[in-house]
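Student: Sequence:
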Amino acid sequence: MPKVTTSLKKRAFSGNLREEIDAWSRWRTLESSTAFSEKSLAETLDGGQAFRWKPIDKGVWEGIWNRSVVRVQLGKSGDLQWRCPVALEKGASVEIRNYFGTGQGYEAIIDHLPWQSDAIIRSAIKEWRGLRILRQPLGEALFCFLCSSNKQIVQIKQICENAAQRFGEKIIGQYHSLPDWKTLQEIPEKELRLCKAGYRARYIKQTAEILANEPDFLDDLDALPYPEASEKLRRLPGVGEKIADCVLLFGAGRMEAFPVDVWIQKSMKRQYGLTDWNREQIAQFGRIHFGSFAGLAQQFLFAGERRKK
DNA sequence: ATCCAGGTATGCA
DNA sequence: TGCATACCTGGA
Numbered sequence: 068m069p070k071v072t073t074s075l076k077k078r079a080f081s082g083n084l085r086e087e088i089d090a091w092s093r094w095r096t097l098e099s100s101t102a103f104s105e106k107s108l109a110e111t112l113d114g115g116q117a118f119r120w121k122p123i124d125k126g127v128w129e130g131i132w133n134r135s136v137v138r139v140q141l142g143k144s145g146d147l148q149w150r151c152p153v154a155l156e157k158g159a160s161v162e163i164r165n166y167f168g169t170g171q172g173y174e175a176i177i178d179h180l181p182w183q184s185d186a187i188i189r190s191a192i193k194e195w196r197g198l199r200i201l202r203q204p205l206g207e208a209l210f211c212f213l214c215s216s217n218k219q220i221v222q223i224k225q226i227c228e229n230a231a232q233r234f235g236e237k238i239i240g241q242y243h244s245l246p247d248w249k250t251l252q253e254i255p256e257k258e259l260r261l262c263k264a265g266y267r268a269r270y271i272k273q274t275a276e277i278l279a280n281e282p283d284f285l286d287d288l289d290a291l292p293y294p295e296a297s298e299k300l301r302r303l304p305g306v307g308e309k310i311a312d313c314v315l316l317f318g319a320g321r322m323e324a325f326p327v328d329v330w331i332q333k334s335m336k337r338q339y340g341l342t343d344w345n346r347e348q349i350a351q352f353g354r355i356h357f358g359s360f361a362g363l364a365q366q367f368l369f370a371g372e373r374r375k376k
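By the working numbering, the letter at position 42 of the first sequence is numbered 109, and the numbering carries on one by one without gaps.
Where hints are given, some of them may not hold.
In the DSSO-like style, the derived pairs of lysine-lysine whose C-alpha atoms are separated by at most 30 Å in a straight line are [stated by the list, open to error]:
1) LYS121 to LYS375
2) LYS375 to LYS336
3) LYS157 to LYS218
4) LYS121 to LYS143
5) LYS224 to LYS309
6) LYS143 to LYS125
7) LYS121 to LYS224
8) LYS106 to LYS224
9) LYS333 to LYS375
10) LYS263 to LYS157
11) LYS237 to LYS193
12) LYS218 to LYS333
13) LYS299 to LYS249
14) LYS336 to LYS263
15) LYS218 to LYS257
16) LYS375 to LYS143
17) LYS218 to LYS309
18) LYS237 to LYS257
19) LYS263 to LYS218
20) LYS121 to LYS333
21) LYS257 to LYS224
22) LYS193 to LYS336
23) LYS157 to LYS143
24) LYS125 to LYS157
25) LYS121 to LYS237
26) LYS263 to LYS249
27) LYS263 to LYS121
28) LYS299 to LYS224
29) LYS249 to LYS237
30) LYS224 to LYS157
31) LYS237 to LYS224
32) LYS106 to LYS193
DEER-style ranges, computed between Cβ atoms [as the list claims (entries may be wrong)]:
33) ARG93 to GLU298: 25 to 35 Å
34) GLY158 to ASP343: 44 to 54 Å
35) ALA90 to VAL161: 14 to 24 Å
36) TRP91 to ASP343: 50 to 60 Å
37) GLY126 to SER216: 24 to 34 Å
38) GLU281 to LEU341: 32 to 42 Å
39) SER216 to GLY168: 18 to 28 Å
40) LEU341 to GLY158: 39 to 49 Å
Read the hints as simulated data drawn from the structure, not as lab findings.
Being a predicted model, the structure only gives us computed values, none of them experimental.
Think of the CB as a built atom: it goes at the ideal place given N, C-alpha and C, for glycine as much as any other residue.
Make a model of the complete structure from these sequences and hints.
Tutor: See the structure below:
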């Protein structure tokens with residue numbers, strides 16, 4: 068008798084669990100003029116612009132932003148297919164289109180880069196065709212890149228995951244959103260450190276306090292020209308030149324931002340001969356040379372340098 | 001065991 | 001202005 072009860076309970080429990088997280092919608096195609104390759108898809112999702120994507124199966128990626136949980140894979144003709152938990156289907160299509168930024172034609176955007184006069188960027192575009200800049204939520208981009216200083220990508224992902232599990236809201240099953248800034252403001256620095264954020268926990272805490280006092284801080288960035296938006300972001304502790312550029316590029320769609328990290332420094336030295344140029348000089352060169360889509364150029368060069376044999 | 005990793009803030013010439 | 005140095009943490 069007790070045996071039966073136990074077994075029934077177990078089945079009921081595992082049944083619920085399965086229902087909650089294993090019921091996925093059918094695969095749908097994302098309408099888009101872009102053809103990813105396996106390579107450019109992987110680089111887009113897991114190349115260091117976003118930190119909440121992971122490969123879960125052969126060719127299948129799983130990602131989380133806001134309250135969206137999505138799986139994507141490449142279709143036979145290079146189209147991007149997606150699905151999400153059935154319980155989250157409402158509005159998902161719009162979310163995904165927005166996140167992957169399929170508004171403008173890919174070719175038209177690429178055409179803004181100086182591929183005709185610059186053989187280096189031409190070659191990088193050829194190798195990484197399909198690579199794009201994702202449209203991440205601004206607040207999430209700020210959080211992730213505040214965690215990024217002096218860390219490797221795997222560790223940044225780990226900190227984000229820890230923060231989501233500890234302080235984020237449960238979306239469904241084991242999936243949690245990143246904590247929003249209002250929530251972060253209420254968490255003591257000591258607890259933030261439990262996410263393995265290290266000294267960045269202080270930056271997060273102080274930034275959260277500023278954002279709490281100025282609720283429109285992030286929203287106001289949109290109206291500012293690039294130099295002023297960058298300047299404003301750099302008022303936040305832990306946000307310097309590079310992180311400001313990442314937040315503007317990946318979280319605010321500011322394609323003219325040109326983040327200069329160690330990889331871009333290497334690339335510009337090796338391929339463009341900018342020996343002895345400092346970061347600020349390289350950033351300025353990038354913005355001028357690559358123009359209004361400098362950020363996309365940066366992503367191509369970054370991919371090439373980081374995956375260099 | 002040391003060193004260093006998608007940087008930033010701070011302290012001195 | 002311009003350049004070293006410390007800073008959490010963990011993987012190589």
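Student: Run the distance test for LYS237 versus LYS257: straight-line Cα separation, threshold 30 Å.
Tutor: 22 Å, holds
Student: Starting from LYS193, check that the Cα of LYS336 is at most 30 Å away, please.
Tutor: 21 Å, holds
Student: Assess, step by step, whether the Cα of LYS249 is no farther than 30 Å from the Cα of LYS237, and give holds or violated.
Tutor: 16 Å, holds
Student: CB of ARG93 to CB of GLU298, is that within 25 to 35 Å?
Tutor: The hint (25 to 35 Å, Cβ to Cβ) is violated, given that ARG93 and GLU298 are roughly 47 Å apart.
Student: Between ALA90 and VAL161, does the C-beta distance stay in 14 to 24 Å?
Tutor: Since the Cβ atoms of ALA90 and VAL161 sit about 21 Å apart, the hinted range of 14 to 24 Å holds.
Student: Take a quick look at whether LYS263 and LYS249 sit within 30 Å of each other, Cα to Cα.
Tutor: Holds, because 20 Å separates the two Cα atoms, which is no more than 30 Å.
Student: State, for the Cβ atoms of LEU341 and GLY158, whether the hinted interval 39 to 49 Å holds or is violated.
Tutor: Since LEU341 and GLY158 have Cβ atoms about 45 Å apart, the given range 39 to 49 Å holds.
Student: Assess, step by step, whether the Cα of LYS218 is no farther than 30 Å from the Cα of LYS257, and give holds or violated.
Tutor: 19 Å, holds
Student: Is the hinted pair LYS106 and LYS224 satisfied, with a Cα-Cα distance of at most 30 Å?
Tutor: 20 Å, holds
Student: Does the alpha-carbon distance linking LYS121 and LYS237 stay inside the 30 Å limit?
Tutor: 18 Å, holds
Student: Take the C-alpha atoms of LYS263 and LYS218, compute the straight-line distance between them, and say whether it is at most 30 Å.
Tutor: Within the cut-off at roughly 11 Å; holds.
Student: Is it true that the CA of LYS333 sits at most 30 Å from the CA of LYS375?
Tutor: Since the Cα atoms of LYS333 and LYS375 sit roughly 11 Å apart, the hinted pair holds (cutoff 30 Å).
Consistency note: the structure conflicts with the earlier hints numbered 3, 10, 11, 14 and 33.
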